[in-house]
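A.B. asks: Residues per chain are reported as follows:
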Amino acid sequence: MSNFEQFHSDFYQSSYTIDNQEGYNSYGNPTGERPRAGAFVTSEILLSSQSYTGQILQPTYSPDTLSHLSYTNGFDEEPPLLEELGINFDHIWQKTLTVLNPMKPADGSIMNETDLTGPMVFCLALGATLLLAGKVHFGYVYGMSAIGCLAMHALLNLMSVTGVSHGCVASVLGYCLLPMVILSGSAVVISLQGILGTLLALFVVGWCSLSASKIFTSALAMEGQQLLIAYPCALLYGLFALLTVF
Amino acid sequence: MASQGRDIVDRNIDRLVPVGRLKYYFAVDTVYVGRKLGLLVFPFMHQDWQVRYQQDAPVAPRFDVNAPDLYIPVMAFITYVLVAGLALGTQNRFSPDSLGLQASSALAWLIVEVLAILLSLYLVTVNTDLTTIDLIAFSGYKYVGMIVGLVSGLLFGKTGYYVVLGWCCISIFVFMVRDRQTLRLKILSEAAAEGVLVRGAKNQLRMYLTMAIAAVQPLFMYWLTYHLIR
Chain A
14 MSNFEQFHSD FYQSSYTIDN QEGYNSYGNP TGERPRAGAF VTSEILLSSQ SYTGQILQPT
74 YSPDTLSHLS YTNGFDEEPP LLEELGINFD HIWQKTLTVL NPMKPADGSI MNETDLTGPM
134 VFCLALGATL LLAGKVHFGY VYGMSAIGCL AMHALLNLMS VTGVSHGCVA SVLGYCLLPM
194 VILSGSAVVI SLQGILGTLL ALFVVGWCSL SASKIFTSAL AMEGQQLLIA YPCALLYGLF
254 ALLTVF
Chain B
124 MASQGRDIVD RNIDRLVPVG RLKYYFAVDT VYVGRKLGLL VFPFMHQDWQ VRYQQDAPVA
184 PRFDVNAPDL YIPVMAFITY VLVAGLALGT QNRFSPDSLG LQASSALAWL IVEVLAILLS
244 LYLVTVNTDL TTIDLIAFSG YKYVGMIVGL VSGLLFGKTG YYVVLGWCCI SIFVFMVRDR
304 QTLRLKILSE AAAEGVLVRG AKNQLRMYLT MAIAAVQPLF MYWLTYHLIR
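Keeping their order, the protein sequence lines are chains A and B.
According to the working numbering, the first sequence is numbered sequentially starting from 14.
According to the working numbering, the second sequence is numbered sequentially starting from 124.
Hints should not be assumed to be uniformly reliable.
With beta-carbon atoms standing in for the labels, derived distance ranges [said to hold, decoys possible]: (1) Val174(A) <-> Gly289(B): 40 to 46 Å; (2) Gly180(A) <-> Leu278(B): 40 to 46 Å; (3) Pro93(A) <-> Gln214(B): 54 to 60 Å; (4) Ala159(A) <-> Asn215(B): 25 to 31 Å.
Keep in mind that the hints were calculated from the coordinates and are not lab data.
Note that the coordinates shown come from a computational prediction; the quantities given were computed from them, not determined experimentally.
Glycine included, C-beta positions come from ideal geometry on N, C-alpha and C.
Kindly produce the complete structure, drawing on both the sequences and the hints.
C.D. replies: Spelled out as structure tokens, the structure:
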């Protein structure tokens, strides 16, 4: 069955180039392609799913697929937009799950690709939830995260055998900001000034720093140093917690 | 372009800061930090103060609890600044400027102390293999005592502060005297083995220097913390 599909897609491909050379009017022209319309859609969906694995498959697909396949053959091998930007929702979701569960041992290879979109989203979410609570602290959030990234990068380079890049440090620290977003979200609903608020803030700081240190130690293969990495992370996230609570 | 810039930055950083040597001081693990902190607060029971050497180079702090490291002093310094901010905040004297003021004054006193020790070492013409980074590490250990004193002052008021600070002063004094002495004695015994004439007065001078350095630590500890506890 797959051979048949492969043959079909190859067949589609060859006929498509011929159409392409004649111009781009073949897509706008349903009548000429009517006998192969069904085969078109199935084969091109199969073609796209075979050649772009890990890509987001969106339900309303046919017109987009047609247009991007035209670009693929027109401009040589230009990948779809999200893949070109390097945004991979599957990996983002995996990393978020890793952060949310600090007790589970992490896989060291997930940090191989430096991904800054997730951290950017979390920073913006933190600023937005702070805004909901009435505090406009965007500048403080960005400033503290920048200084914290620089400091952690220097410390990790000195403490680990292999070095790290700025992007990796920024990515991990940004991902582990997610529990802080949850804390500031809850600050909108309940007041954090009392004992309960302090306990909750301490718990969230511990959660953030544990997951950050877990990812760092597994990615950089540093044994016996998780608590040592967790302490500076706890200091950094403690500053964020101070921002959220007061 | 970006990689070129990064190369230039790396080269210049290598010129200013010896990254390779610094890495030695950060090669620590949790067990070492725990033992060292215990030693800083309670140095009285520790018997063996000798720094273990391996082929003429000191062993990394990971393997020897007597070796100096830079992780504890750096973390202690940052924690001291934060705890000072917290102390000021509980007294409603906090502002972000005062945090920067605390940090810079503590840093300035640290630099003054290290320069004074270097100057006195030069004047006494002691041949020691104490590097500048070692001196920074030793001067940074007192921040641990300061933090403990400050926290107890916040929790238990002035009496708690004085009691705990007194205890930490005594322990840092003992720690300095014993730890410094091993390095000095090592140099002394090497010199004697090589047949260099070691005069008794010079030996005494070195002891006095060690005592003076150790005695200055509690003074600094009190000076840098008393205005934070009201």
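A.B. asks: Each of the hints needs a verdict: does it hold here or not?
C.D. replies: Taking the hints in turn, this is what the structure says about them:
{"no.": "1", "hint": "Val174(A) <-> Gly289(B): 40 to 46 Å", "result": "holds (42 Å)"}
{"no.": "2", "hint": "Gly180(A) <-> Leu278(B): 40 to 46 Å", "result": "holds (41 Å)"}
{"no.": "3", "hint": "Pro93(A) <-> Gln214(B): 54 to 60 Å", "result": "holds (59 Å)"}
{"no.": "4", "hint": "Ala159(A) <-> Asn215(B): 25 to 31 Å", "result": "holds (29 Å)"}
Hint check: no violations occur; every hint is consistent with the structure.
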